[in-house]
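Student: What follows is the residue order along each chain.
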Amino acid sequence: MKVRTKVFFIISLLVIAVSLHAAEDKYDKPRKDEVILVIRVVITPEIDDAFYSQYWDFDSNVIKMKRKGSEEGETIQSEAYLMTGSTYLMRNSLFLGNIGEFASIKVSIPKDREIDMDTFSIYPASVRFFKFHLPIFASLKIPEGDNYIYLGTFEFEREGNQFEIVNINKYDEFDKAKEIISERYGSSARLVRVPLQEQKD
Amino acid sequence: MDRLKVSKLGLIIMIATVGLTLIGCATGPEPYPTVNDDAIKKKEYAAMEDHTLIFGYIAREKSVFSFGERKLPIVEFAQINPEGEAMFISPGRSGSFFFIQPVPIDSSLHLIFHRYKEGRTTYYTYEGLQKGYDITINAIKPGLYYAGSYLLQSVGEDSGSWISFIMSPDGFLPNGDHTELEGLKDLLKKMKNTEWEELITARIEELKNES
Chain L
1 MKVRTKVFFI ISLLVIAVSL HAAEDKYDKP RKDEVILVIR VVITPEIDDA
51 FYSQYWDFDS NVIKMKRKGS EEGETIQSEA YLMTGSTYLM RNSLFLGNIG
101 EFASIKVSIP KDREIDMDTF SIYPASVRFF KFHLPIFASL KIPEGDNYIY
151 LGTFEFEREG NQFEIVNINK YDEFDKAKEI ISERYGSSAR LVRVPLQEQK
201 D
Chain P
1001 MDRLKVSKLG LIIMIATVGL TLIGCATGPE PYPTVNDDAI KKKEYAAMED
1051 HTLIFGYIAR EKSVFSFGER KLPIVEFAQI NPEGEAMFIS PGRSGSFFFI
1101 QPVPIDSSLH LIFHRYKEGR TTYYTYEGLQ KGYDITINAI KPGLYYAGSY
1151 LLQSVGEDSG SWISFIMSPD GFLPNGDHTE LEGLKDLLKK MKNTEWEELI
1201 TARIEELKNE S
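If you read the sequences in order, they're chains L and P. Note that my numbering gives residue 161 to position 161 of the first sequence, counting from 1, and the numbers run on in steps of one. Positions in the second sequence are counted from 1; adding 1000 to them yields my numbering.
Hint data in this document are derived by calculation from the structure and do not stem from the laboratory. Treat each hint with caution, since some may be false.
With a straight-line cut-off of 20 Å between C-alpha atoms, the simulated SDA-like cross-links for lysine to any residue are [stated by the list, open to error]:
1. L:K66 <-> P:T1034
2. L:K170 <-> L:F154
3. L:K66 <-> P:N1036
4. L:K64 <-> P:E1030
5. L:K66 <-> P:M1087
6. P:K1062 <-> P:D1170
7. L:K131 <-> P:D1170
8. P:K1117 <-> L:I63
9. L:K131 <-> P:L1111
10. L:K131 <-> P:G1171
11. P:K1131 <-> L:L134
12. L:K131 <-> P:R1115
13. L:K64 <-> P:T1122
14. P:K1141 <-> L:N161
15. L:K64 <-> P:R1115
16. L:K64 <-> P:Y1123
17. L:K64 <-> P:A1086
18. L:K64 <-> P:I1074
Let's have the full structure, built from the sequences with the hints guiding it.
Tutor: In structure tokens form, the structure reads like this:
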């Protein structure tokens, strides 16, 4: 073996090892300058995942949807993202996971310890063509010394096929969230409730 | 001599193959609607009972540099009522006129995607599911349905700053550039020799008498 080949081989092994390690540790503990946000999004009536999943089996004249290796007729769950940042150019989207599940996401704390939360973006059956938005438009002030923050459960009541929002309810499921957090991050994780505030102009 | 003949035939086949492939590569507006990339033959158009035949106009706003109507080459619809059948629909087009094969009642057709080219730039837009400046056509009753005449234009509020000028979103707004009568005449060309022909001619007569 040439030296170059050996080096390449070792490097690729390292890369594989690191990526495997990253895949295993899904819930990393936050550093001092990071915070874990705990949140749950519910939509009632539920999104018909089976219906929108059918589109993964079709191509159109211009849209290519069929994916190699995916099974036909498979039901794919709908996903949610949290959109933060107030201006168009500084928008961040944070992946929350499937709708209805407790999400715990890691965010680095900004200098002013304030995060503007604008909307939830929902992808029915993970299809980008059917993306829609749910409003939050609130601001979060992260208290000094806290790294685990509970925001609550947001329930959006909708009407029709175009997801017109008719009502928003907020629930407190703190005890359940606490359980899940200690499962994911260990019993030393201290979860606190922080109320959302109005966004400043 | 024999060999020459064969190669001539071979050449013809080659040219034909290359030509057909090139034609196939050029994706553009199709004269007849396709569903999930399958062309639907006229014979397969559903009968009049419980089905709606939708037609209308979609175009882009005129610019300083263009004369006449500007075409919007690619528009895609999807059926979004979960109780109906899931399908992507590329409407049949000629110019700014479009029509969709007869769809069952209670279908909800939503424009989810459009694309056009200006100079060297291609503009893609994903419209999403929610109501905005896009087009949703609900098939409510059987028969003909004129969806209207739409123009893609800037709909953003102009606050005077450069950013609002650049970021100003485009949307579809109805305009009166075309009428139902025009649409029916265009539709008649497409629906010749189907059972819909009679209905279309009857409606044309009706509208002519009204005016």
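Student: Provide an ascending list of the numbers of those earlier hints which the structure does not satisfy.
Tutor: Result: no hint breaks.
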